[in-house]
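Those sequence lines, one after another, are chains A and B. Residue 14 in my numbering is what sits at position 14 of the first sequence, and the numbering runs on without skipping anything. Residue 18 in my numbering is what sits at position 18 of the second sequence, and the numbering runs on without skipping anything.
Watch out, some of these pointers could steer you wrong.
Unchecked claim - Derived pair list, reagent style DSSO-like, types lysine-lysine, alpha-carbon separation capped at 30 angstroms: (1) B/LYS16 <-> A/LYS19; (2) B/LYS117 <-> A/LYS19; (3) A/LYS36 <-> B/LYS16; (4) B/LYS70 <-> A/LYS18; (5) A/LYS41 <-> B/LYS3; (6) A/LYS52 <-> B/LYS70; (7) B/LYS113 <-> B/LYS38; (8) A/LYS52 <-> B/LYS38; (9) A/LYS41 <-> B/LYS70; (10) B/LYS3 <-> A/LYS36; (11) B/LYS38 <-> A/LYS40; (12) A/LYS18 <-> B/LYS16; (13) A/LYS22 <-> B/LYS16; (14) B/LYS113 <-> A/LYS41; (15) A/LYS40 <-> B/LYS70; (16) A/LYS22 <-> B/LYS113.
Think of the hints as simulated: they come from the structure by calculation, not from any bench.
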Amino acid sequence: ETGVTQTPRHLVMGMTNKKSLKCEQHLGHNAMYWYKQSAKKPLELMFVYNFKEQTENNSVPSRFSPECPNSSHLFLHLHTLQPEDSALYLCASSLGAPQGANYGYTFGSGTRLTVV
Amino acid sequence: AQKVTQAQTEISVVEKEDVTLDCVYETRDTTYYLFWYKQPPSGELVFLIRRNSFDEQNEISGRYSWNFQKSTSSFNFTITASQVVDSAVYFCALSEAKRMDSNYQLIWGAGTKLIIKP
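For reference, chain B alone in the conformation it holds in the complex (with noise of 0.2 angstroms):
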């Protein structure tokens, strides 16, 4: 069955620390995509990433990069030098369709609360 574990519940670093949040899922479509979202205490999820299936590059995005390797499904995201605005809730999701003739929809994580202190 389709799932996506978010094992840290939640992570505390000092600011300037750099944080890996792991993300490792389960599929059986050989098409897939994965997200990142970020939820800040305001409440809104924010998109951050998306990456499909045959894509492993790795990517970065200033302070933000993602890790994908297919061979462990999982989808791991790095904060290098942490700064105190990136505390919130971050959310891995992958995209499924439950049924051959359903809808896609995101399967999520549970979360990581990650608490960067000053």
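Okay, chain A solo, but in the shape it has when bound (with noise of 0.2 angstroms):
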């Protein structure tokens, strides 16, 4: 267990269903990350929130759209999804802005996401 927590840890979707991928830590980090991975390509910064405010969105299309409730939770609530977006979608968190980084992430064990 990493203290960050990804659910589900599977998810299978039709391209028109709706459904949503949750993280949450209890590091007392205030930063959280979306990173989505695919095979053969590098990884992929997709949102960054600090303190609950989104302060990145790395031209992420609209079907992906995050949600940050509070420091310690995060979704990420996908609809109308294309086959292209199967990949990994891992969650990290960090100590806050700015600097938080420098100390390294921690990360979740990813949801391995399948659109059919």
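Fit the two chains together into the complex; they arrive one by one in their own frames, and the hints show the way.
Okay, structure coming up:
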């Protein structure tokens, strides 16, 4: 157990479905991140939240919608996804901005998403 | 521009061999941090080491060692007497502030897949 918990571990969804990924940490961190990891591609940063405020959105399509109700919880709401969105979605947390990342991230185990 | 290069896509060695994973970085910052993470088949990225730019001492942790050389902008990782459990994807990362008023984030290399054969 890393301290960052992601659920579900695996998800298969149709292109018309709506689902949500959940991430939870109780490490006292104030920054949380969503990453996408596709086969044979580098880690792609999707969203960054600091103290519940979204500070980065790296040109992510609107079919991905993040939500951060508090510093301990992060969601990624999914709707009308495409097959190319199939990937491992990783959540991470760190100390807060601006220099929290200098101390490294703690990652969850990821959600393996398959869009059919 | 800040960048991390892991030129070795995949390395395969036989158990008990030593293996070095290369990491070369580019940054305009004078103060920065470098990291190595391990990603086993289970998926989560596991933190291995953090090194700041002012500390060029090499570090050893059991069978793992890291060689940081600012002169060549490299932060290489060596596993001595490799074991099957070392099989994983290893990522090198660099912290950077994308803009002066922005937060620091990690810039990731593409990863090196390490296969240790019994």
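Cross-check of the supplied hints:
no.: 1; hint: B/LYS16 <-> A/LYS19; verdict: violated, 45 angstroms
no.: 2; hint: B/LYS117 <-> A/LYS19; verdict: violated, 39 angstroms
no.: 3; hint: A/LYS36 <-> B/LYS16; verdict: violated, 34 angstroms
no.: 4; hint: B/LYS70 <-> A/LYS18; verdict: violated, 48 angstroms
no.: 5; hint: A/LYS41 <-> B/LYS3; verdict: holds, 15 angstroms
no.: 6; hint: A/LYS52 <-> B/LYS70; verdict: violated, 36 angstroms
no.: 7; hint: B/LYS113 <-> B/LYS38; verdict: holds, 10 angstroms
no.: 8; hint: A/LYS52 <-> B/LYS38; verdict: holds, 28 angstroms
no.: 9; hint: A/LYS41 <-> B/LYS70; verdict: holds, 27 angstroms
no.: 10; hint: B/LYS3 <-> A/LYS36; verdict: holds, 19 angstroms
no.: 11; hint: B/LYS38 <-> A/LYS40; verdict: holds, 16 angstroms
no.: 12; hint: A/LYS18 <-> B/LYS16; verdict: violated, 48 angstroms
no.: 13; hint: A/LYS22 <-> B/LYS16; verdict: violated, 40 angstroms
no.: 14; hint: B/LYS113 <-> A/LYS41; verdict: holds, 13 angstroms
no.: 15; hint: A/LYS40 <-> B/LYS70; verdict: holds, 29 angstroms
no.: 16; hint: A/LYS22 <-> B/LYS113; verdict: holds, 28 angstroms
Consistency note: the structure conflicts with the earlier hints numbered 1, 2, 3, 4, 6, 12, 13.
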